[in-house]
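Novice: This is what each chain is made of:
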Amino acid sequence: MLARTADNLFWLARYVERAEFTARIIDITARLAALPKAYGGGAEWESALSAVGSLERFKETYEKADEPSVIEFLIFDPANQSSIRSCIESARTNARAVRTALTADMWQSINSAWLELRTLEQMRAPFERMSRERTDPFLDVVKAMSRDFDGAAYRNMLRNDAYWFSRLGLYMERADNTARILDVKYHVLLPETEAVGGSLDYFQWTSILRAVSAFTAYHWVYRQSVKPWLIADLLILKKEMPRSLVSCYDNLARNLDAIGNAYGVQGPSQRHARAMLLRLDSGNVEAVFERGLHEFLTEFIADNTRLGAIVAEQYLVN
Amino acid sequence: MVEQTFWDEMTGGGADVRTVYGRVNEWLKSTPPDVLAARRTQAELLFRRIGITFAVYGEKDAAERLIPFDIIPRVIGQSEWSLMEKGLIQRVKAINAFLCDIYGAREILRAGLIPPDLVFGNPHFRPEMAGKRAPHDVWVHIAGIDMVRTGEDEFYVLEDNARTPSGVSYMLENREVMMRLLPDLFSNHRIAPVENYTDLLLNCLRSVAPPRSAGEPVVALLTPGPYNSAYYEHSFLADRLGVELVEGHDLSVRDGVVYMRTTQGPRRVDVLYRRIDDDFIDPLAFRPDSVLGVPGLLDAYAAGNVTLANAIGTGIADDKALYTYMPEIVKFYLGEEAILKNVPTWRCREADALKYVREHIGELVIKEVNGSGGYGMLVGPHASKAEIAEFEKKLVAQPDNYIAQPTLSLSTCPAFVENGVAPRHVDLRPFVLTGAEGSRVVPGGLTRVAMRAGSLVVNSSQGGGTKDTWVIEDA
Amino acid sequence: MRIQIHHEIVQTFDPAAKGLIESLRLAPRSHEGQHVIDWRIDVEANCRLRRTEDAFGNFTDMFSLQGPVETLRIVAEGVIETFDCAGVVRNSIERFPSELFLRDTDLTVPDAALRALGATIKSDDKIERLHGLLLVVREAMQDNEDGESAASGLTAAQALASGKGGARDLAHVFVASARAMGAPARFVSGHYFDDGKAGAQCHSWAEAYVEKVGWIGFDPVHCICPHESHVRIACGLDWLDAGPVRAASPGAIAQTMAVIVRQSGFLHAASAQLQGQQ
Numbered sequence: 001m002l003a004r005t006a007d008n009l010f011w012l013a014r015y016v017e018r019a020e021f022t023a024r025i026i027d028i029t030a031r032l033a034a035l036p037k038a039y040g041g042g043a044e045w046e047s048a049l050s051a052v053g054s055l056e057r058f059k060e061t062y063e064k065a066d067e068p069s070v071i072e073f074l075i076f077d078p079a080n081q082s083s084i085r086s087c088i089e090s091a092r093t094n095a096r097a098v099r100t101a102l103t104a105d106m107w108q109s110i111n112s113a114w115l116e117l118r119t120l121e122q123m124r125a126p127f128e129r130m131s132r133e134r135t136d137p138f139l140d141v142v143k144a145m146s147r148d149f150d151g152a153a154y155r156n157m158l159r160n161d162a163y164w165f166s167r168l169g170l171y172m173e174r175a176d177n178t179a180r181i182l183d184v185k186y187h188v189l190l191p192e193t194e195a196v197g198g199s200l201d202y203f204q205w206t207s208i209l210r211a212v213s214a215f216t217a218y219h220w221v222y223r224q225s226v227k228p229w230l231i232a233d234l235l236i237l238k239k240e241m242p243r244s245l246v247s248c249y250d251n252l253a254r255n256l257d258a259i260g261n262a263y264g265v266q267g268p269s270q271r272h273a274r275a276m277l278l279r280l281d282s283g284n285v286e287a288v289f290e291r292g293l294h295e296f297l298t299e300f301i302a303d304n305t306r307l308g309a310i311v312a313e314q315y316l317v318n
Numbered sequence: 001m002v003e004q005t006f007w008d009e010m011t012g013g014g015a016d017v018r019t020v021y022g023r024v025n026e027w028l029k030s031t032p033p034d035v036l037a038a039r040r041t042q043a044e045l046l047f048r049r050i051g052i053t054f055a056v057y058g059e060k061d062a063a064e065r066l067i068p069f070d071i072i073p074r075v076i077g078q079s080e081w082s083l084m085e086k087g088l089i090q091r092v093k094a095i096n097a098f099l100c101d102i103y104g105a106r107e108i109l110r111a112g113l114i115p116p117d118l119v120f121g122n123p124h125f126r127p128e129m130a131g132k133r134a135p136h137d138v139w140v141h142i143a144g145i146d147m148v149r150t151g152e153d154e155f156y157v158l159e160d161n162a163r164t165p166s167g168v169s170y171m172l173e174n175r176e177v178m179m180r181l182l183p184d185l186f187s188n189h190r191i192a193p194v195e196n197y198t199d200l201l202l203n204c205l206r207s208v209a210p211p212r213s214a215g216e217p218v219v220a221l222l223t224p225g226p227y228n229s230a231y232y233e234h235s236f237l238a239d240r241l242g243v244e245l246v247e248g249h250d251l252s253v254r255d256g257v258v259y260m261r262t263t264q265g266p267r268r269v270d271v272l273y274r275r276i277d278d279d280f281i282d283p284l285a286f287r288p289d290s291v292l293g294v295p296g297l298l299d300a301y302a303a304g305n306v307t308l309a310n311a312i313g314t315g316i317a318d319d320k321a322l323y324t325y326m327p328e329i330v331k332f333y334l335g336e337e338a339i340l341k342n343v344p345t346w347r348c349r350e351a352d353a354l355k356y357v358r359e360h361i362g363e364l365v366i367k368e369v370n371g372s373g374g375y376g377m378l379v380g381p382h383a384s385k386a387e388i389a390e391f392e393k394k395l396v397a398q399p400d401n402y403i404a405q406p407t408l409s410l411s412t413c414p415a416f417v418e419n420g421v422a423p424r425h426v427d428l429r430p431f432v433l434t435g436a437e438g439s440r441v442v443p444g445g446l447t448r449v450a451m452r453a454g455s456l457v458v459n460s461s462q463g464g465g466t467k468d469t470w471v472i473e474d475a
Numbered sequence: 001m002r003i004q005i006h007h008e009i010v011q012t013f014d015p016a017a018k019g020l021i022e023s024l025r026l027a028p029r030s031h032e033g034q035h036v037i038d039w040r041i042d043v044e045a046n047c048r049l050r051r052t053e054d055a056f057g058n059f060t061d062m063f064s065l066q067g068p069v070e071t072l073r074i075v076a077e078g079v080i081e082t083f084d085c086a087g088v089v090r091n092s093i094e095r096f097p098s099e100l101f102l103r104d105t106d107l108t109v110p111d112a113a114l115r116a117l118g119a120t121i122k123s124d125d126k127i128e129r130l131h132g133l134l135l136v137v138r139e140a141m142q143d144n145e146d147g148e149s150a151a152s153g154l155t156a157a158q159a160l161a162s163g164k165g166g167a168r169d170l171a172h173v174f175v176a177s178a179r180a181m182g183a184p185a186r187f188v189s190g191h192y193f194d195d196g197k198a199g200a201q202c203h204s205w206a207e208a209y210v211e212k213v214g215w216i217g218f219d220p221v222h223c224i225c226p227h228e229s230h231v232r233i234a235c236g237l238d239w240l241d242a243g244p245v246r247a248a249s250p251g252a253i254a255q256t257m258a259v260i261v262r263q264s265g266f267l268h269a270a271s272a273q274l275q276g277q278q
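Chains as they are written, first to last, in my numbering: chain F, 1 to 318; chain L, 1 to 475; chain V, 1 to 278.
It is worth saying that the hints were derived from the structure and are not from the lab. For glycine and all other residues, C-beta sits at the position ideal for the given N, C-alpha and C. Don't take each hint at face value.
Claimed, not checked - Taking CB as the label site, the calculated pair distances span:
1. F/Glu128 - L/Glu26: 49 to 59 Å
2. F/Glu63 - L/Val291: 38 to 48 Å
3. L/Lys355 - V/Ala113: 24 to 34 Å
4. L/Gly121 - V/Ala113: 16 to 26 Å
5. V/Val109 - L/Leu334: 35 to 45 Å
Required output: the full structure, derived from the provided sequences and hints.
Specialist: Listed below in structure tokens is the structure:
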């Protein structure tokens with residue numbers, strides 16, 4: 001297939017995934033911010049910005065990280081390239097360019113979210129603060145877009161390179177997101193051997209689980225109350241957990257192999273993905289904590305970014 | 001202004017309905033307006049869902065607007081069509097012969113049939129193509145010939161589109177939507193299919209591929225990109241043809257061979273169905289500031305390594321000034337009388353004609369020789385005094401730039417408009433495909449309809465709509 | 001006169017070009033006023049030069065390269081024998097009737113000022129009118145010292161409005177106003193050889209068509225008709241058709257190409273002998 005088409009599909013999937021993740025972060029942050037200050041809160045909106053990796057950029061234009069300004073920045077700000085608005089717009093631009101490679105319902109899922117966004121923006125008076133009553137339903141629309149897009153791809157796309165490249169975008173973005181949200185809260189995720197600070201952290205822990213829709217899954221997997229080291233275990237090393245790093249890499253390696261087999265050539269991206277999968281697959285949570293969770297995650301994010309560069313070099317920009 | 005009378009394709013101007021429209025008429029009589037309205041709404045929904053939209057130049061926010069669709073089909077009888085088809089094929093054959101000649105031996109100029117400055121001074125004549133031969137002598141692979149009807153047996157060619165005619169996606173989608181919405185009406189008729197158009201097009205494109213030692217020829221569709229007004233059509237056609245939709249930067253020329261960048265490295269391209277204008281197609285040969293084109297493409301073409309459909313320089317054949325010579329052109333190359341008539345045309349470059357045009361400016365349609373899309377024209381009977389005066393100034397300053405035609409009494413067809421069923425003016429653009437084995441025309445074509453009462457302008461950029469066009473067995 | 005010419009073009013790309021495709025018009029063809037004795041073109045890179053002939057009969061050498069390319073040196077050199085024909089170009093390669101050269105191009109669309117240039121000349125003789133135009137153009141346009149235009153891509157109208165320009169701009173102004181007068185005219189690129197001062201220089205001038213005489217050269221920079229000092233390389237409707245290099249680097253955004261031209265030329269040793277024999 002055309003290198004540009006593969007590139008568009010890859011980024012299209014990434015933007016859709018990113019939009020959904022940002023929507024989830026806003027959801028859980030609002031939830032945490034509603035707790036009494038005594039529960040350890042106070043800087044929830046700032047840590048939402050860290051979770052999506054935009055704190056620095058936010059500070060360039062905004063003064064205080066409070067609810068209205070962060071919501072404005074994360075949902076509507078066109079200057080923020082990772083705002084939901086920018087993601088939907090970029091996704092749509094990419095989708096338009098490769099419309100023949102998409103099924104009709106994939107296009108529709110993005111186009112209707114885009115239309116919702118436009119309606120919302122048109123209804124808005126200049127400088128008007130958006131109430132949660134209006135933004136919350138929109139966040140649901142964004143999550144639905146991602147679900148529809150993903151589902152339509154899974155159900156209807158031919159299993160050829162077009163599908164595989166779009167999956168690469170999805171899983172690479174998802175791995176990045178999971179790693180980032182863990183990293184923002186790494187200071188409350190303590191190993192078993194250390195005394196836990198108090199039950200107040202409970203809400204921080206569960207917020208992580210909720211952010212990746214894993215609150216129920218946790219209980220099914222471990223059948224015990226929420227423990228911080230088990231959260232790390234679940235989101236890094238449990239293959240059953242679809243948003244865990246190992247599961248993302250399982251999928252990345254598989255889709256890259258499919259491309260390699262179809263083209264009859266394996267290359268650096270296949271090797272890099274397999275090496276990372278092997279590392280995650282054979283790891284255990286004690287070892288992760290021994291190295292330091294933060295260090296582990298920083299390295300993972302860098303490695304994941306490197307995979308993106310290798311894939312681009314091998315397939316997308318030749 | 002004198003009230004003109006128009007020939008209606010359903011009634012023929014009389015009290016009775018013409019035979020070909022019999023069943024459509026019954027259907028219209030038996031279907032209440034609210035059902036028609038519901039069908040139209042459904043049709044619009046379908047079009048929006050498929051994503052058929054149309055970008056209009058100069059309208060920023062209307063970047064994606066629907067072309068109005070009229071759900072009442074236009075019906076043409078098989079015998080009427082057969083004659084038209086013969087005429088279309090004849091005309092395209094002559095156009096191709098003309099292009100071979102004008103870029104080759106230039107015999108028609110030597111014969112003194114056409115003033116040479118009309119060719120050499122024409123911006124669509126490309127000196128770069130002189131002395132080059134098109135594979136199989138086909139220059140225009142896809143032609144859109146705009147026709148109008150003024151009476152039972154009166155068909156005229158309004159203009160030839162020999163560059164990158166568009167609209168065929170509407171012809172195909174209109175039919176599909178109609179079959180879904182009005183199955184009963186379909187089962188009452190025997191209608192010539194149009195869905196094989198893309199198959200014919202692919203065969204045609206493959207037939208003109210440069211000879212190569214091994215493998216199937218690789219065809220791709222070259223688009224200016226998503227911001228082009230016809231991008232939807234480009235992606236639609238690429239999809240139906242099963243070929244890659246490429247932009248200029250997806251292609252590169254190495255040592256006179258065209259390659260596209262794929263995830264598996266460079267892949268050779270043999271035929272480009274290009275929807276980029278000549279000016280922008282190769283910055284090494286034409287406009288150097290073009291970022292849409294492919295540097296070196298002309299060289300690859302000259303080396304015989306890639307076929308361009310349509311070839312470069314075909315615009316000379318759809319020039320409105322040359323149009324007036326089409327009957328002579330047909331006769332010169334084919335030794336036959338032209339089957340399709342031209343609209344009588346005054347060439348303003350000729351002093352007598354200019355005088356006549358200025359005297360009758362209020363009755364005529366005056367067009368720019370190189371204009372398209374309904375821009376830069378004056379419709380005398382519908383223009384204000386000030387507009388006429390303004391236009392006359394331009395006309396006198398550069399008479400070479402204009403031709404004038406009588407305002408034709410374009411035929412009308414029933415259309416479903418705001419307040420029910422009413423006659424509206426229509427034209428027809430059939431698409432003629434020409435490959436190594438000759439020409440084919442899919443029965444019918446794109447009917448464009450002026451949705452405003454009394455309007456004669458059918459261009460989609462000016463608010464015109466479209467209709468499904470049926471060629472049916474004569475009863 | 002036998003002239004030896006060395007024409008060197010050094011292109012520098014920043015950032016390095018990922019790929020490169022160029023078409024060169026650097027090789028002269030013979031006509032009555034010049035005889036090409038020996039000529040070669042060398043592109044210092046691993047590539048194949050493909051020679052074709054363009055619409056106007058000029059030799060065109062195409063090449064393409066896979067990058068990265070930071071610097072590329074192109075050399076054209078050879079020996080050529082020139083004769084003074086009082087500016088008349090005979091037995092040149094002609095692919096079109098003269099009428100074609102009445103066409104406007106983007107670079108030579110006449111505006112009111114360009115039309116006005118020719119309108120002031122009072123003469124009925126076509127050749128005299130063109131000579132008149134040569135003077136008028138020269139008066140209206142100051143010549144830049146460096147020989148070639150500083151800003152590339154200037155149209156004739158823009159150049160005239162600025163009142164100064166290089167050889168290319170003067171030639172465009174002449175061509176555009178000659179066409180506006182109804183005379184077929186074209187753009188010529190080549191070299192100007194000056195034994196005393198600068199050696200050889202890239203140069204541009206114009207040619208206009210006069211019935212019964214043919215194509216006649218007009219050099220607005222030196223205000224003369226070309227003679228032995230002019231080496232004619234290529235002609236066309238404007239600079240884009242006849243200039244020495246057209247280059248494209250696919251996919252390059254915000255890339256700059258710096259070009260250095262080095263030239264030398266001297267009277268070939270055989271020239272003196274030849275003149276002795278005559």
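Novice: I'd like to know which numbered hints this structure contradicts. Please list them from smallest to largest.
Specialist: none
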